[in-house]
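Q: Given next are the chains, with one letter for each unit.
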Amino acid sequence: MRQAIPASRATAHAVPKAISDRTICGLFMAPALAILILMVAYPFISLLYYSTLNFSILNPAKGSEFIGLENYTRLLSRESVWERFVFTGQFVLATVVVQFCVGVAVAYAFQRNFRGRDLLFTIAMLPMMLCPIVVGFLWRYMFNSEWGVVNYLVTLLGFVKIDWLGVPGNALWAVVIADAWMWTPFVILLATAAFRGIPTDINEAAEIDGASPFFRFTRVTLPMSMPILLIAFLLRLIDAFKQSDLFFAMTGGGPGSDTETVAFRLGKIAFSHFYTGQASAFAVIMLVIIIGLSLIFVRLLTQQGRQD
Amino acid sequence: MSLHRQPILIPAIVIGIYMIYACGPLLWLVLSSLKDRQELFSWPPSLFFTPDLSGYRMVFGIGEAAETATALGLTDALINSVVISVSGTVLAVAFGTLAGYACSRFAFPGRDDFMFFALSTRMIPPVAVLVFYHVMFSRLGLSDTRTGLILVVTFINLGLATWIMKGFFDGVPEEIENIALVNGYTRLYAFWNLVLPMVRGGIAATAGFCFIFAWNEFAFSTILATTQAKTLPVKISSATGATGIEWAQICAAGVVLVIPVAIFFWLIRKYLLMGMTFGVLGRSRT
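First to last, the protein sequences are chains C and A.
Per the numbering used here, the first sequence starts with residue 928, numbered consecutively.
Per the numbering used here, the second sequence starts with residue 2, numbered consecutively.
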């Protein structure tokens, strides 16, 4: 670990009078590093190792057999696995786009000062503070096709009751509505912070120059808050990709296994079938995708920083 | 501000529509928590009814409702949840603050790698590593213990805490420590007595976020805490017993669970908005 170097070298440089910056740096980094190594590095190496084995945690006595990349090839040659990736991709795209359009618009509207804004803002944050499992059950209750309140509103509008959670296409949107409900507040919070960070004189200067509100939003506000919006986007993207709690509570992956996300399927392989080796390979594939996406964003972010 | 003369109409409409979307389900959560079995399944769904507290009674295990097989009787789980999420939040904020300061002030080799590594705590899907945590915990004697879950909860928040705190430290001019050092104070003194008080708001905002994720953590706890260390969210999910889902109890539990978080958020609301810039805006402006 390259990061650990300052800690070990620092002791040699310690000045008796005051603790050197190097020691402080090492001491300050030590607890975080220790936890990260224990909780990330160790399982990650284990993942890589177990992903090459034919092994089940339920049956450790049977031992493990080295099978190379067979877990990977077996997974990737299965059409049902690809279907899960496509489904997850659809879900991630839909929910993140909805959260961002709504979140940025609402955050921009909240830039205005009006009485009771703080209270409204805090109420708007509430969905994010609820327990995900409760959110899942709440929406399942509301989306019930026979006595759910959503279908009541649907019939009020003159339509027939919709089977929200029993049809895969509908269920996808039902979970998107629930997920966006829960996490749009997060986007609002970060976007608001970003907008407030923009010096007011820039906007005022643009206004004096006769820039329209739309022009100011697209040419001043958005570009200047882009770094934070990118971070918010990345965090939401990762979380949406990992989402399984809501599906667990709302659809249980059904009908059949049509609404299982990648994370949900991984959970099934690992804790219902107990194919530990195959689950490890699956997890590695997921992590490669997430880390790859994150790297792209971090790259974008540093490029943005340089432009400024 | 005097320059802003566009009509308030459009923002008002946007906020209005959003508040309906945000508050509707919240209202339904509270209403459903107060409904009895008949009201829960009535058609059309009722807005006005005689409130029934049995959902809450089941949650707290009061009276005859506590005798029901699926009643939560939250007392043990409540203690577990408070102990685990408070300790986990304190540790994550403390470690995140230290690491955030180091990353903000010292250009040590591998700093950017570390920041990315720290973010990976949010990237890892819990199910991907749970098997290994399970194995590791049973070797360390941490299975189904509060200590084990405190470790997990600290870990899931550490990356976010480090990132947010680094952002706050980036906003504090380095001259502050430099002047203190020139005047013969140590860096530790400057850190503790000068810089830390300046980022109080940041610490509050970070704690707020960490507490939400700690308090609501489900994916890890449901596998790692099987009996002794069960937390509230794990208990709630088990309320889907043989007699069907106890909707009123789940909703009541949701209301009870969100109250401490909401109060905390209200108290720190001023700092939340200041803080969530991760330092990326501060850097471009200075």
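No wet-lab data here; the hints were simulated from the structure.
All values derive from a computational prediction rather than experimental measurement.
A virtual CB, placed ideally from N, CA and C, is assigned to each residue, including glycine.
Careful, some of the hints might be misleading.
Pair ranges (Cβ atoms, derived) [to be verified]:
| hint | chain 1 | residue 1 | chain 2 | residue 2 | range |
| --- | --- | --- | --- | --- | --- |
| 1 | C | Pro-1150 | A | Ile-260 | 38 to 46 Å |
| 2 | A | Pro-110 | C | Asp-1090 | 56 to 64 Å |
| 3 | C | Gly-1181 | A | Gln-39 | 25 to 33 Å |
Pulled a few chain C residues facing chain A out of the computed Cβ check, cut under 10 Å [as the list claims (entries may be wrong)]:
| hint | residue |
| --- | --- |
| 4 | Gly-1075 |
| 5 | Leu-1116 |
| 6 | Pro-1140 |
| 7 | Gly-1183 |
Q: Does each hint hold? Answer for all of them.
A: Status of the hints after comparison with the structure:
1. Distance hint check for Pro-1150 (chain C) and Ile-260 (chain A): the Cβ-Cβ separation is about 40 Å, which falls inside the suggested range of 38 to 46 Å.
2. For the hinted restraint 56 to 64 Å between Pro-110 (chain A) and Asp-1090 (chain C), the CB-CB distance of approximately 58 Å keeps it satisfied.
3. About 28 Å separates the C-beta atoms of Gly-1181 (chain C) and Gln-39 (chain A), a value consistent with the hinted range of 25 to 33 Å.
4. The interface hint given for Gly-1075 (chain C) is met, as the beta carbon of that residue sits about 8 Å from the closest beta carbon of chain A, less than 10 Å.
5. Annotation: Leu-1116 (chain C) was flagged as interfacial toward chain A, and the flag holds, the nearest CB pair being 6 Å apart, inside 10 Å.
6. Given hint, Pro-1140 (chain C) at the interface with chain A, holds; its Cβ is 6 Å from that chain's nearest Cβ, closer than 10 Å.
7. The beta carbon of Gly-1183 (chain C) comes no nearer than 20 Å to any beta carbon in chain A, farther than 10 Å, and the hint placing it at the interface is violated.
In the structure shown, a violation is registered for the earlier hint numbered 7 alone.
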